[in-house]
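Undergrad: Quick note, the sequences are listed as chains A and B, same order. Each step along the first sequence adds one to the number in this note's numbering, with nothing skipped, and position 210 is 210. If you want this note's numbering, it's the 1-based position in the second sequence plus 243.
Calculated from the structure, these hints are not laboratory results. Remember, it's a predicted structure, so these values are computed and weren't measured experimentally. Just so you know, not all the hints are guaranteed correct.
[What the hints assert, rightly or not] Straight line, CA to CA, 27 Å or less: simulated DSSO-like cross-link-like pairs of lysine-lysine:
1. B:677 / A:61
2. B:520 / B:542
3. B:272 / A:147
4. B:677 / A:147
5. A:181 / B:677
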Amino acid sequence: MRVALFVTCLADLMKPGVAFAAIRLLEHGGCTVEVPQAQTCCGQPAYNSGDRATAIALARKVLDEFEGFDYVVAPSGSCGGMVRAHYPELFRDDPATLKRIEGLASRTYELTDFLVNVLKLESVPGDFKGTVTYHDSCSGLRELNVKAQPRALLALLPGVTLTEMNEAETCCGFGGTFSLKFGEVSTQLADNKCGHACATGADAIVGGDLGCLLNIEGRLRRRGDLKSQVLHIAEVLAGETEG
Amino acid sequence: MELRSNEFKARAAANLGNEKLQKGLGLIKVKAVVNRANAVAEFGDFETLREAGKEIRNRALADLDLYLERFEREATARGAVVHWAENASEACRIVVDIAKQNGVKTAAKSKSMVSEEVGLNDALIEAGIEPIETDLGEYILQINDAEPPSHIVMPVIHKTAEDVADLFHAKHGTPRKTDPAALTREAREILRPKFLSADMGVSGANFLIAETGSTLIVTNEGNGRLCTTLPRLHVAITGIEKVVATLEDVSTLLRLLPRSATGQAITNYVSLHTGPKRLEETDGPQQFHIVLVDNGRSKLLAGEMREMLRCIRCGACMNHCPVYQAVGGHAYGWVYPGPMGNILTPSYVGLENAVALPNAATMCNQCGVVCPVKIPLPDLMRKLREEQMVRGLKPWTERAGLALWGWAAQRPALYALGTRIAVRFMKWLGGSEKLIHRLPLASGWSDGRDFPAPAGRTFRELYKERRT
């Protein structure tokens, strides 16, 4: 099974370890993982800012680079959701490309969804020990129905105890460029999230999207909490929680 | 209503620090979110019901002209008078004319957001007619120097019982009391004689039923019934999009509306108004006027915001919106707050007059998944953002930033070089703490948050090394 890793721009720049962890998990599941080298971004920042032309150009680029694989996997519900839930709309007036895009969309998965529903993993290489609480990212949850998958995977780690926070499904306030344009509101929502997460007493706040995680960690550190870990689910499952 | 939507950012930020407001807003989660969730769970297959609601509204909108004509015919045949208002000032003029022709001095009003939208109270006052809000929340706002509502269903959610206690004490000159039941009794004692003496009752309409020419309102306080039956005139004012084909259709929508709004299976009162008092009847108004307001709605019908016209005004989108929950309704600066307002306000008052609103959302889609008629609210906001881009309504900094980033992202070699430099710079900014306290050009982030510094090399650099 040839699987292309859609690295995502945030993992590429901010947390390369997440992409390496994703590769490790996919290889653990028996996949041949390839990383198309010319990939950059799925185009969501442009799409949600109203720059449709740039979003279409980047979607075409992704299509050309990823079309030839059996599956495309992204360690992000946000980028995965962009491809699956939004790319088709961008090409609604271009039937030839739409057909190709729909094919790509149907083969594109968020990482935990792929591990559970396609690879049907029954073990993971990680050895994390401690209590964790899981933040459900909006796009993964509401566009791709990612809810049970990360929890099922965490349950494969004998050292992990999951303690659910209140309002786990409420937005952390990131929202891409929203976090810059409406900084005060975004910070308040991040603060609410930190409050709920910390109230569980968990050692680590875990999630599936780096945007949310940077937002939560950023607020947590500003609140003076230098101890709680903020980790991507791939890092926890793969046992690569550094870098 | 005074339009202040372009002040969204400043007012939202100010409201975050308003402790009293935050206390009031906290109740939304308890009252509306939890109650809705319970009502939906108790109902069972709410998804099928939402789909049915969507279809009913779509059918009505597909032949809106025909249903409105049918409504007019049926209503007229039953003795009502139907008026058509193209815009806000025409709507006000029609109601004022009706009042003047009939020597009306006071008008008892039940809750109507369309009357807020067209500014009916001001128009009545200007014509020497006293409007009296009889919905408890709207009454509180009216005696507080005509403060605008902050929610379409719970207009005083921004106030605490203490606020109301102070207000009643000051305005009524009665001993201060804080018990909500006692406050309600006090308002009732003041309002009851006003119902009895009002010459005209004004209501909105949650739905218009084409096959019977009826208007329908849902209320919990019973004031709607008094307003529409006691005075000798009843004027119902509502938007043209509220029409549905049949009573059968309305019965489906009535299963969706209260559950989505307040978590009730049904409201305390559901009132259907079909024509004025008939000869053999003992009560009801002598005249029944129905004012159907366009005010921008027909323009939406032909455009990309068409789906917004399905809206049945339950308020679930704002109740579930994390931004609304944090900043409250007044920040949105017009009649309709929250996600629905992010679309309706720019649509009705002009995109240039509400520049922030379509952007004032994280696109979390919590609104979209609770909407009883499945309006894809984030998608519509995004369409408005696209229109802003085309019309040059976005700040040049955002446009320039996007253009530069978009240009580079289509040139992998250049992008790789640029990102390598960027992550090294960010690593340096983070220092030994590995935290960036001030982000250049992004104070919106770093005023309230640190930024976890990157490791200093991109994944693609590292990957290439490991594989060779």
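Undergrad: For each hint, tell me whether it holds in the structure or not.
TA: Tested hints:
1. A hinted pair counts as satisfied when its Cα atoms are at most 27 Å apart, and residue 677 of chain B with residue 61 of chain A does not qualify at roughly 34 Å.
2. With a C-alpha separation of about 36 Å, the suggested pairing of residue 520 of chain B with residue 542 of chain B is violated against the 27 Å cut-off.
3. For the suggested pair residue 272 of chain B and residue 147 of chain A, the alpha carbons sit about 22 Å apart, so the restraint of at most 27 Å is met.
4. Simply put, residue 677 of chain B and residue 147 of chain A have alpha-carbon atoms about 31 Å apart, too far for the 27 Å limit, and the pair is violated.
5. Distance hint between residue 181 of chain A and residue 677 of chain B is fulfilled; the C-alpha atoms sit about 24 Å from each other, no more than 27 Å.
Hints 1, 2 and 4, counting from the list given before, are not met by this structure.
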